[in-house]
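From first to last, the protein sequence lines are chains H and R.
Sequential numbering of the first sequence, starting at 2, is according to the numbering used here.
Sequential numbering of the second sequence, starting at 322, is according to the numbering used here.
Where hints are given, some of them may not hold.
Unchecked claim - Capping the alpha-carbon separation at 25 Å, the derived lysine to aspartate or glutamate pairs in DMTMM-like fashion look like this:
| no. | chain 1 | residue 1 | chain 2 | residue 2 |
| --- | --- | --- | --- | --- |
| 1 | R | K532 | R | D621 |
| 2 | R | K418 | R | D397 |
| 3 | R | K444 | H | D36 |
| 4 | R | K444 | H | E28 |
| 5 | R | K444 | R | E536 |
| 6 | R | K444 | R | D524 |
Stated by the list, open to error - Stretches of chain R that chain H covers, calculated by requiring three or more beta carbons in the stretch to come under 8 Å of a beta carbon on chain H:
| no. | stretch |
| --- | --- |
| 7 | 346 to 354 |
| 8 | 453 to 461 |
To be clear, the hints were calculated from the coordinates, so they are not data collected in a lab.
For glycine and all other residues, C-beta sits at the position ideal for the given N, C-alpha and C.
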Amino acid sequence: MSVSSIAPPEPHVLPTPAGRERGYWGEAGDELRRDRAAVIGFALVAVLVLGAIFASLLQPADPNFQSADGLSDAGDPLPPGTDGYLLGTDGLGRDVFSRVLEGARISLFVGIAANLIACLIGMAVGGVAGLAGRRLQAVMMRAVDVIVSFPVLLLAITLLAVIAEPSALAVSVIVGVNFGAYLARLVFVQVVSLRTREYVLAARACGSSGPFVLFRHILPHVLPSAIVYCTLGAATAIQLEAALSYVGLGIRPPQASWGNMIADGQPYLFTAPWLVIVPGVAILLAMVGFSLLGDGLRDALDPTLEKRGIASVAGLR
Amino acid sequence: MLGYVARRLLWALVVLWAVVTITFCATYLSDIDPAAVYAGQRATTEQIAAVRADFGLDDSLLVQYGRYLARLAQADLGQSFVSRDDVAAQVVDRLPKTAELAAVAMLIQLAIGVPLGLLAALKRRTVIDRGILLLTLLGVAAPAFVTGFLLLYVVAFRLGWLPLGGSSEASAVILPALTLGAAGGAWYARMLRSTTLNILGEDYIRTARAKGLAERVVVARHVLRNAIGPIVVMIGLDLGVFLGGVLIIEKVFACPGIGLYAWQAIEQNDTPAVLGTVLVAAFCVTLLSVLADVVNAVIDPRVRYG
Numbered sequence: 002m003s004v005s006s007i008a009p010p011e012p013h014v015l016p017t018p019a020g021r022e023r024g025y026w027g028e029a030g031d032e033l034r035r036d037r038a039a040v041i042g043f044a045l046v047a048v049l050v051l052g053a054i055f056a057s058l059l060q061p062a063d064p065n066f067q068s069a070d071g072l073s074d075a076g077d078p079l080p081p082g083t084d085g086y087l088l089g090t091d092g093l094g095r096d097v098f099s100r101v102l103e104g105a106r107i108s109l110f111v112g113i114a115a116n117l118i119a120c121l122i123g124m125a126v127g128g129v130a131g132l133a134g135r136r137l138q139a140v141m142m143r144a145v146d147v148i149v150s151f152p153v154l155l156l157a158i159t160l161l162a163v164i165a166e167p168s169a170l171a172v173s174v175i176v177g178v179n180f181g182a183y184l185a186r187l188v189f190v191q192v193v194s195l196r197t198r199e200y201v202l203a204a205r206a207c208g209s210s211g212p213f214v215l216f217r218h219i220l221p222h223v224l225p226s227a228i229v230y231c232t233l234g235a236a237t238a239i240q241l242e243a244a245l246s247y248v249g250l251g252i253r254p255p256q257a258s259w260g261n262m263i264a265d266g267q268p269y270l271f272t273a274p275w276l277v278i279v280p281g282v283a284i285l286l287a288m289v290g291f292s293l294l295g296d297g298l299r300d301a302l303d304p305t306l307e308k309r310g311i312a313s314v315a316g317l318r
Numbered sequence: 322m323l324g325y326v327a328r329r330l331l332w333a334l335v336v337l338w339a340v341v342t343i344t345f346c347a348t349y350l351s352d353i354d355p356a357a358v359y360a361g362q363r364a365t366t367e368q369i370a371a372v373r374a375d376f377g378l379d380d381s382l383l384v385q386y387g388r389y390l391a392r393l394a395q396a397d398l399g400q401s402f403v404s405r406d407d408v409a410a411q412v413v414d415r416l417p418k419t420a421e422l423a424a425v426a427m428l429i430q431l432a433i434g435v436p437l438g439l440l441a442a443l444k445r446r447t448v449i450d451r452g453i454l455l456l457t458l459l460g461v462a463a464p465a466f467v468t469g470f471l472l473l474y475v476v477a478f479r480l481g482w483l484p485l486g487g488s489s490e491a492s493a494v495i496l497p498a499l500t501l502g503a504a505g506g507a508w509y510a511r512m513l514r515s516t517t518l519n520i521l522g523e524d525y526i527r528t529a530r531a532k533g534l535a536e537r538v539v540v541a542r543h544v545l546r547n548a549i550g551p552i553v554v555m556i557g558l559d560l561g562v563f564l565g566g567v568l569i570i571e572k573v574f575a576c577p578g579i580g581l582y583a584w585q586a587i588e589q590n591d592t593p594a595v596l597g598t599v600l601v602a603a604f605c606v607t608l609l610s611v612l613a614d615v616v617n618a619v620i621d622p623r624v625r626y627g
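Just chain R, same shape as in the assembly:
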């Protein structure tokens, strides 16, 4: 088990290193001269040159790369070109909002996906199954921003039940979370349906039924426990992505989280802030996907030796 965890962590490090290298190369290849942006529009050539020397931008590529890695190791994501704020501090500031959205969305996702997926599989080839399949197809196919606008228009604008975007009320999290959760829930339901169908055909299910277990027990003890693996992996992946900033949904609903910060940075050509948020997102994704794999290995010993 420890060996498995160590292997996964090592691999996560390799992926993160690749991400860091890609982002570093992106900055280096960019047409935007960081010194010119930092010095401001009215800066003279000498001032820009001074900034370049100050930041060590004239050093060789390898020296800069080494310094970049060393800074990252201390969780230093650099300074925003625009506001001169520390990017890491800005991201940490926005983390609670994004985490709240991520948590609520995940709960909705599971509350929609697990029952629908199980129901569809157990009622295979009935009207219920077909209905769920159609509904989840639409849920998966609709881009999140389209569902988001639909909910905004109907629930917030027409019915007036919930606040429109950009609100600081506690209930403001519901619509974006519902948008995320509907798409994710539809996806989970489809996934769970197909894994459950595979499991229902297994010998151990026949054995469980043959020894006279109630269907309820068969489903809870034997089907669900075996079907949950892929869902656990998806939860880890999703939570990682959500924590790194729910890019599109935060823009649709103007939620003041990491995603919105990233968009503002993109619009202002604020390279350190863009790359900082990308790195944080990549970090969350890799870390949580390792965590999900470990949890999965605890639940299902077969994974460890796969």
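Pulled out of the complex, with its shape left as it was, chain H reads as follows:
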């Protein structure tokens, strides 16, 4: 049967002016693309993400393999650019490039996992407290205040040194709970201001249940702030993981992470400085990437959000 004989109906679409009527997210996307710093940030984050995803394809060697070829005749680490070792080798003859990629996987994992946990906690606690009665609200938000008042690095050290077995997941949970408290405040404030709006009252009057109103009518308004928050939070989480791993309370050797690579490289600072510089630059680029992207997202999505920048909490030093 021939279909080609039937002429397709003329499309009756009015031409829309470019850049108009694209909706909130479309416009935000346009704005983001025009923001040069945000594009640079996006590129850096993309490199990190791709490096982490394809780490096993890109790694020239097993990151934990201690190769005799990877050391000089005197037993010293090889400098970057040595045949076969793009970024040199460490004190045990392991390929630094492979280890940096392995570290990217850990950093990205912590960056994402911590913020997923933070989002779940923040939305749940902030949302429920915002809709709850006065007494429950007070109890929940006071608990949040306590967590926020407590320096995160100290909390992490207490828990990781005394009870929890240090691992990427343990670090993510601790950081995630702390971030979640901040996010809960943000969500709470918005929910309280939205819950007496007319469209919310109308939805309730129509018989919608509390959770339905929360998910359908209130949380979508909180989404932009949460996205900005989590992007900036990823930078902080990566820095925290590096700091904790550096002091031996994060990722345990031989598993590579940027923080413990720096700790391993510390004794070689004056003879093989690249062992500290390479992971250091990796952390720096990841931080700059997430911060620039986060700042750009804030300008595009929610300019009223408090200028938080990278949460370089004093406790991180």
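Please arrange chain R on chain H, whose structure you already have, making use of the hints.
Relative to chain H, chain R alone:
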């Protein structure tokens, strides 16, 4: 005003109580049996049991908790498992070193942050502003231990201007303080820039300019006074954190302060010493943040009623 101070102090007490409770629960849940650690590796089961009875470790959770609170109220942080020293005395011993580092770092931080932040805001969208923004982005993004190693390598090792880590010379404080101050200063500059930009758009600034005040006076009297609030809060928070032991920097530079003591305690599974330093740090942080809030309320009456 008194009511405000009382409210803040009460809240600080609640936070401290929560910290104490968390640390207590952490010890209780820990796999490490304090009696076994205290009695030593060659102790017999009977000896360990004797230590347990001696320390009251067999009492109920609530009794132990009450005793813990009572001891803390007398500033008794317990005995180190390893050296048997009094933890509180050890921490007090190390306080001057940490306080020195904290003070110098804070001065550097302010000397870097305030001028750069103001300059960037006043020269908005010029090359100067962009340069400062880029520089401070790097300063904020670089983890302190990376900056620290960079300074150690270049200034101390290559140039040989300052001592390497672990030195007892007076100049040994400069590099760690500079590392701390560079990161903090970058952070202050970014914060001050954005608050100043907000303030420059306010009506009272237009009024001040309209009545013919010199720009210098406008900046000093009207802009800075209003912009300083968040910085004061940050100073309080930072000083509190620094006094509780500059954990990472002290490890990088081997400064013999509270932070280094905490690390040694962690490496040796010395639970009383770990929790003691954590409590001291938490105490410093909460106390100084209350102090900063009070100072802020004196400078800016709007805060009191916020």
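Here is how each hint holds up against the structure:
For the given pair, K532(R) sits about 23 Å from D621(R) by alpha-carbon distance, which is consistent with the 25 Å threshold. Between K418(R) and D397(R) the CA atoms are separated by roughly 22 Å; this keeps the pair inside 25 Å, and the hint holds. With a CA separation close to 20 Å, the supplied pair K444(R) and D36(H) stays within the 25 Å bound. Note on K444(R) and E28(H): the hinted pairing is violated, with a Cα-Cα distance of about 30 Å set against a maximum of 25 Å.
Note on K444(R) and E536(R): the hinted pairing holds, with a Cα-Cα distance of about 13 Å set against a maximum of 25 Å. A distance of roughly 20 Å separates the Cα atoms of K444(R) and D524(R); the hinted pair therefore holds under the 25 Å criterion. Coverage of the stretch 346 to 354 of chain R by chain H holds in this model, with 6 residues showing a Cβ closer than 8 Å to a Cβ of that chain against a need of three. Only when three residues or more bring their CB closer than 8 Å to a CB of chain H does the claim for the stretch 453 to 461 of chain R stand; here the count is 3, and the claim holds.
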